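Build the full structure now, drawing on both the sequences and the hints.
Chains as they are written, first to last, in the numbering used here: chain U, 102 to 399; chain R, 102 to 399; chain S, 102 to 399.
Derived from the structure by calculation, the hints contain no laboratory data.
Accuracy of the hints is not assured; some may be wrong.
To be verified - Below, computed lysine to aspartate or glutamate pairings styled on DMTMM-like, alpha-carbon distance capped at 25 Å:
| hint | chain 1 | residue 1 | chain 2 | residue 2 |
| --- | --- | --- | --- | --- |
| 1 | S | K291 | R | D253 |
| 2 | R | K370 | U | E385 |
| 3 | S | K370 | U | D246 |
Because the structure is a prediction, the values reported are computed rather than measured.
Next come the chains, spelled out residue by residue.
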Amino acid sequence: MVVCLRSGVPSDSLSSRKNPRGSGMTRVHDQSIASPTETELHSVGLRFTQSGAIAEITLCKPERRNTQQPAMWRAMAALGRTMPTGVQIVVIRAEGRSFSAGLDRSSLNGLDRSTPSDDPGAETLTSLLAGTDLTIERAIRDYQDAFMFLRDPSFISIAAVQGHAVGAGFQLALACDLRIVADDAVFCMKEAALGLVPDLTGLAPLVRQVGYGRALEICVRARNVNAREAVALGLAHSMVPADDLNDEVRAWAESLLLANPDAARETKKLLQSAEISELGHQRELEAAAQVRRLRALG
Amino acid sequence: MVVCLRSGVPSDSLSSRKNPRGSGMTRVHDQSIASPTETELHSVGLRFTQSGAIAEITLCKPERRNTQQPAMWRAMAALGRTMPTGVQIVVIRAEGRSFSAGLDRSSLNGLDRSTPSDDPGAETLTSLLAGTDLTIERAIRDYQDAFMFLRDPSFISIAAVQGHAVGAGFQLALACDLRIVADDAVFCMKEAALGLVPDLTGLAPLVRQVGYGRALEICVRARNVNAREAVALGLAHSMVPADDLNDEVRAWAESLLLANPDAARETKKLLQSAEISELGHQRELEAAAQVRRLRALG
Amino acid sequence: MVVCLRSGVPSDSLSSRKNPRGSGMTRVHDQSIASPTETELHSVGLRFTQSGAIAEITLCKPERRNTQQPAMWRAMAALGRTMPTGVQIVVIRAEGRSFSAGLDRSSLNGLDRSTPSDDPGAETLTSLLAGTDLTIERAIRDYQDAFMFLRDPSFISIAAVQGHAVGAGFQLALACDLRIVADDAVFCMKEAALGLVPDLTGLAPLVRQVGYGRALEICVRARNVNAREAVALGLAHSMVPADDLNDEVRAWAESLLLANPDAARETKKLLQSAEISELGHQRELEAAAQVRRLRALG
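This is how it looks when you write it as structure tokens:
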């Protein structure tokens, strides 16, 4: 049973109630894992709220343009693992003028020595280099969990993007099922310019949506893709004036909630397989899913 | 040898001759299976005609908005299995104002008790529930055959869509290689709103054409996609005024028939594999197909 | 070490220096294979030049509209196998009014007896028919190498297309990562009209970019796709007036060279796998690539 307590959240927030994370009153996907506390989330620039079937994860460090770092990814992944089962929509949104300016440069310190670290003990990409290749790969896969959980068929994920979504910020938006953007949104895959690769699972949705050549030049040129182009390329599913972004996301969430929740879940799962499966296999998945639906309705 | 006898068919029909199904004069793909008779087809709301290389399957129950039911799918699948070998183009068209309003609600009776069944003995989705899961899956796979055969490389399939194409109607159009639409066409994937999943093989062509996010919101929101949007998304390959639909389909069929028939077949097959195959495998398929073409021409 | 000597090349050429192929001063991918000499290349209608990180392969038989034949493909494949390692961009361009009118009809002589062969001893598709199926397949796979090497992650390949790109010409453009086109460009897949299939690896990029139905009708109808439609379909990544084509290609090459070269290579490779891989596998490839990048930067 999901219990929500009213609590002060920003007035522009989609959900008006905050979920008491870790209160023990919330059924979670993995009950052996404690949800991150509000304090833990705040320390990495995140806030979690829930209102009925709609959960919101808010990037709330606008003074740093919602840059991302390993500790934030670990907290986000933990949010994913402990998402209350009643949630049907997960909105990823951000406070301030930009969605996310990408990797916090302090995470690259040592690689980019010009940027001092705020917290010398914090996990950074540089600190990983002391370990073996296997250790680094494991850490990266932990980070990827923060992006993978948004594909969970249990809910539909929506990125609400205003301003810049750069690098890891672009990939966070790409990891969501849907992208609703303000007309000032700007996407940029910065990694190649920094000598890195986009490794946070954003390449697959990018290339499948815009095509191989377009995806390649967007990544290698590290150029800006503005909101209008994002709509034309099918990367953004709706574009509205910045002031209307929250209303638009709310309207989409409501229309998505009109479907039978379990049918929506099965449909999301089937669409994920349909992208790359042989049709002979896909039809079997569809038949098996329909059996479950008919049994549930019958 | 394909023999066609002139026979009365609607004047707006693309093909002007009717093929005497089951006459024994038609070479069929699977000679051990009898083609459905005209009477059998009529009882499930279908009509089959052939004129040279062009076959037409017409949904002809406009008074019920060409809704679909299991018996129709079984007949359609049988048409597919017995398609005369000379056929190079299969057109799926419909009489009346709408292409197909989807599943006949009487097929859901018991699930949707408000709709009485016309024929208490008819096969319905509900009647399936008396069987085991395996029995249901087998039945669904039989239904899917009505949609799978349209991918047969022996011919190119074209859906001629006016008015509504809802649920199974949308999937029938998606199962065709090409969709030529009247400007009043409206597509809607209704399944999730009814608690079901689209299980008639339409999800793969949908998601690969419009992208994952767009496909997801179209399915889960069960919203209307009009002709103009269908063209913009690449779902429809040509849009014309409703009165010109048959002429447009005829023109496309004629231009498709200009190709070498066997080269067209091999090309269709290669494009199907090219969508999801490793390039290293695809090039081998292409080389093998070209050997067959060169031998045939040499 | 790549050494380039200044040498006379056409003034409209992107690279201003010519690489002395086969001089032994160039590090090549496969050192056991000699690069084709300038004379060898010229005899099959090709020219190779290099200026720093940018290599150009020019189709230089405009009097024959840059038609292609087996000997040209073998030379092109050899260029691919011996591409200097410093090359980050490979431009495929053509002299004259058209990019390439496709297969030289003399390669079909015997199949198309109306066209006399210039060189009775030359390798032609017809001459292949004396061999076994396996021999023909091997020859075709050799030809395909001329198109496959353009996918090599070592560099980014750009087709600069003016005028007609027909059949093998269309496939050559499709084999490149990017297509920059003059506003007079016209693409046409002619193979099916000639009784052949497109077997030079162009179908996969075509179908994944424009979708299955559109790809099918383009191939089977063998119709012209002009520059404007190519842009709308995402087949062309930029369109400019014909006089500006070389400048535009140069500008793109320069912006692509701003990325870290190794990051660009890893990104190209990751995008190739992302198109058709399971996400669970793709994320592992991304993590492994990032480990390599971090080690290189650290």
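* **Hint consistency between K370/R and E385/U [alpha-carbon to alpha-carbon, up to 25 Å]** => Within the cut-off at roughly 21 Å; holds.
* Does the structure keep K370/S and D246/U at a Cα separation of 25 Å or less? -> holds, 22 Å
* Asked: Going straight from one Cα to the other, do K291/S and D253/R come out at no more than 25 Å?
  -> holds, 22 Å
Checked against the numbered hints listed earlier, the structure breaks none of them; every hint is satisfied.
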